[in-house]
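One point on numbering: in numbering that gives the first Met the number 0, the residue at position 87 of the sequence shown is 86, and numbering is uninterrupted.
Some hints could be false.
[Stated by the list, open to error] Lysine to any residue pairs mimicking SDA-like chemistry, simulated, CA-CA at most 20 Å apart: (1) Lys105 / Lys129; (2) Lys99 / Ala126; (3) Lys78 / Val39; (4) Lys80 / Arg333; (5) Lys251 / Lys208; (6) Lys208 / Thr231; (7) Lys66 / Lys251; (8) Lys248 / Asp378; (9) Lys363 / Val149; (10) Lys80 / Ala91; (11) Lys80 / Lys363; (12) Lys77 / Gln52; (13) Lys129 / Val149; (14) Lys218 / Lys199; (15) Lys62 / Lys248; (16) Lys363 / Pro389; (17) Lys77 / Lys340; (18) Lys199 / Glu212; (19) Lys62 / Pro389.
[What the hints assert, rightly or not] Estimated spans, in silico, between C-beta atoms of each pair: (20) Ser186 / Asp103: 31 to 41 Å; (21) Gly147 / Tyr309: 35 to 45 Å; (22) Lys377 / Lys66: 13 to 23 Å; (23) Ser186 / Ala232: 10 to 20 Å; (24) Lys66 / Thr225: 42 to 52 Å; (25) Asp103 / Asn233: 38 to 48 Å; (26) Lys66 / Lys196: 33 to 43 Å; (27) Leu216 / Gly147: 26 to 36 Å; (28) Thr227 / Lys272: 47 to 57 Å; (29) Met383 / Tyr309: 31 to 41 Å; (30) Ala224 / Pro300: 40 to 50 Å; (31) Ala385 / Asn233: 23 to 33 Å; (32) Ala312 / Lys196: 26 to 36 Å.
Keep in mind the hints are simulated off the structure, nothing from the lab.
We treat Cβ as the ideally placed atom computed from N, Cα and C, and that holds for glycine.
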Amino acid sequence: MLFGKKKARLTALIVGGLMACGIFAGCGSDQAASSGDEIVVGSNFELTGNHAQYGSNANNGFKLAIKEINEKGGINGKKVKIVEADAKSETAESVNAATKLISDDKVKAIIGPAVTANVIAESDVAAQNKISVIAPAATNPDVTVENGEVKPYIFRSCFIDPQQGTVMAEFASKDLNAKTAVLYLDSSSDYSKSLGKVFKEKFEAAGGKVVMEEAFLAKDQDFKATLTKIQTANADVIFVPAYYEEVGKIVKQARELGITAAMLGTDGWDDPKVIDIAGKDALNNTYFCTHYFEKDDEVQPFIEAYNKEYGTAPNVFAALGYDAGKMLIDAINRGGEDGEKIRESIENIKDLQVGTGKMTMDPKTHNPIKGVVVIETKDGMRDMRAKIAPEG
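Kindly produce the complete structure, drawing on both the sequences and the hints.
This is how it looks when you write it as structure tokens:
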């Protein structure tokens with residue numbers, strides 16, 4: 000979802016190289032063994048810093064999945080122990096956290112971080128030690144595939160940006176009969192820019208035209224000057240692939256200016272707080288794609304369990320963290336605790352019921368094959384407008 004891959008790669012090379020020369024010598028999967036009646040796994044999320052909201056929610060979902068399996072007796076008679084580390088919303092800290100989890104805590108696998116740049120940063124450290132990583136929310140294709148080659152130990156529980164951009168472009172063209180569109184992107188986020196690029200390509204391939212492209216920065220508060228400019232385009236749809244904090248303000252201010260065009264987004268919109276920020280009426284005629292619809296029967300067990308555990312409805316980060324936990328539990332249950340066996344088992348996940356539905360792992364890309372839903376908000380209520388079956 001959030002990016003910065005060039006900085007992440009440089010950080011990983013510097014920190015990972017230093018670590019590989021010292022404390023990682025001989026610290027492979029055989030030594031990362033849990034002892035006694037416990038299976039030790041790592042949580043490496045952004046618990047502090049700018050991305051703490053995302054990391055903390057994903058971590059909560061992950062912890063719920065582990066709590067559930069432990070209450071059922073654990074995996075093969077062993078309880079699962081989570082060792083938490085704080086990636087601190089920084090690439091260097093994500094590497095430091097992964098280093099500690101692997102070298103000191105001897106974890107079997109790592110879940111997280113939430114942010115793409117931090118996942119990429121820890122990738123080399125994990126690969127050097129043959130420790131599998133499941134990234135719940137890192138949607139950039141480069142997380143699992145580099146230079147056309149799949150990264151053996153890196154997986155994800157979310158779908159990728161091209162899938163979201165394609166779904167929303169097709170929805171705009173076919174379902175809304177849109178002929179013109181405006182892109183309003185977060186220029187500080189590769190997530191937003193990547194989605195904008197895909198949307199434009201697919202929308203124009205379907206016969207539409209992107210007539211204007213504008214930008215804002217994360218944490219901006221006043222969007223009215225740019226929205227006034229966007230209003231002059233008189234486009235059929237406005238595509239805003241961003242996160243709910245800014246999205247809520249953008250939608251609210253757009254409606255205050257009299258903009259009535261359909262506003263479209265992606266999974267970054269998927270948080271109950273967006274209604275509080277934007278207001279019920281402002282969100283009429285808005286649509287976004289995401290990983291599940293909360294009224295689907297198959298996701299009710301997760302939603303009810305999360306509500307019971309935390310006293311609030313889950314957002315998409317929590318759901319994807321839960322999914323990652325279910326994936327890891329399934330892999331260890333089928334393949335055992337050996338690091339290479341865990342990797343092989345994750346790679347061969349098939350028709351696994353997770354929190355957001357059923358998923359199968361694509362062994363060629365390490366991306367989950369899963370469905371996408373398009374949600375419409377009307378009078379403060381969300382309803383499923385379309386459900387796209389998984390490909391593959």
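Evaluated hints:
{"no.": "1", "hint": "Lys105 / Lys129", "verdict": "holds, 12 Å"}
{"no.": "2", "hint": "Lys99 / Ala126", "verdict": "holds, 15 Å"}
{"no.": "3", "hint": "Lys78 / Val39", "verdict": "holds, 9 Å"}
{"no.": "4", "hint": "Lys80 / Arg333", "verdict": "holds, 18 Å"}
{"no.": "5", "hint": "Lys251 / Lys208", "verdict": "violated, 25 Å"}
{"no.": "6", "hint": "Lys208 / Thr231", "verdict": "holds, 15 Å"}
{"no.": "7", "hint": "Lys66 / Lys251", "verdict": "violated, 39 Å"}
{"no.": "8", "hint": "Lys248 / Asp378", "verdict": "holds, 17 Å"}
{"no.": "9", "hint": "Lys363 / Val149", "verdict": "holds, 6 Å"}
{"no.": "10", "hint": "Lys80 / Ala91", "verdict": "violated, 25 Å"}
{"no.": "11", "hint": "Lys80 / Lys363", "verdict": "violated, 30 Å"}
{"no.": "12", "hint": "Lys77 / Gln52", "verdict": "violated, 31 Å"}
{"no.": "13", "hint": "Lys129 / Val149", "verdict": "holds, 14 Å"}
{"no.": "14", "hint": "Lys218 / Lys199", "verdict": "violated, 25 Å"}
{"no.": "15", "hint": "Lys62 / Lys248", "verdict": "violated, 31 Å"}
{"no.": "16", "hint": "Lys363 / Pro389", "verdict": "holds, 16 Å"}
{"no.": "17", "hint": "Lys77 / Lys340", "verdict": "holds, 17 Å"}
{"no.": "18", "hint": "Lys199 / Glu212", "verdict": "holds, 10 Å"}
{"no.": "19", "hint": "Lys62 / Pro389", "verdict": "violated, 27 Å"}
{"no.": "20", "hint": "Ser186 / Asp103: 31 to 41 Å", "verdict": "holds, 39 Å"}
{"no.": "21", "hint": "Gly147 / Tyr309: 35 to 45 Å", "verdict": "holds, 41 Å"}
{"no.": "22", "hint": "Lys377 / Lys66: 13 to 23 Å", "verdict": "violated, 35 Å"}
{"no.": "23", "hint": "Ser186 / Ala232: 10 to 20 Å", "verdict": "holds, 18 Å"}
{"no.": "24", "hint": "Lys66 / Thr225: 42 to 52 Å", "verdict": "holds, 45 Å"}
{"no.": "25", "hint": "Asp103 / Asn233: 38 to 48 Å", "verdict": "violated, 59 Å"}
{"no.": "26", "hint": "Lys66 / Lys196: 33 to 43 Å", "verdict": "holds, 40 Å"}
{"no.": "27", "hint": "Leu216 / Gly147: 26 to 36 Å", "verdict": "holds, 33 Å"}
{"no.": "28", "hint": "Thr227 / Lys272: 47 to 57 Å", "verdict": "violated, 26 Å"}
{"no.": "29", "hint": "Met383 / Tyr309: 31 to 41 Å", "verdict": "violated, 24 Å"}
{"no.": "30", "hint": "Ala224 / Pro300: 40 to 50 Å", "verdict": "holds, 46 Å"}
{"no.": "31", "hint": "Ala385 / Asn233: 23 to 33 Å", "verdict": "holds, 26 Å"}
{"no.": "32", "hint": "Ala312 / Lys196: 26 to 36 Å", "verdict": "holds, 32 Å"}
Taken one by one, the earlier hints fail for this structure at numbers 5, 7, 10, 11, 12, 14, 15, 19, 22, 25, 28 and 29, listed in ascending order.
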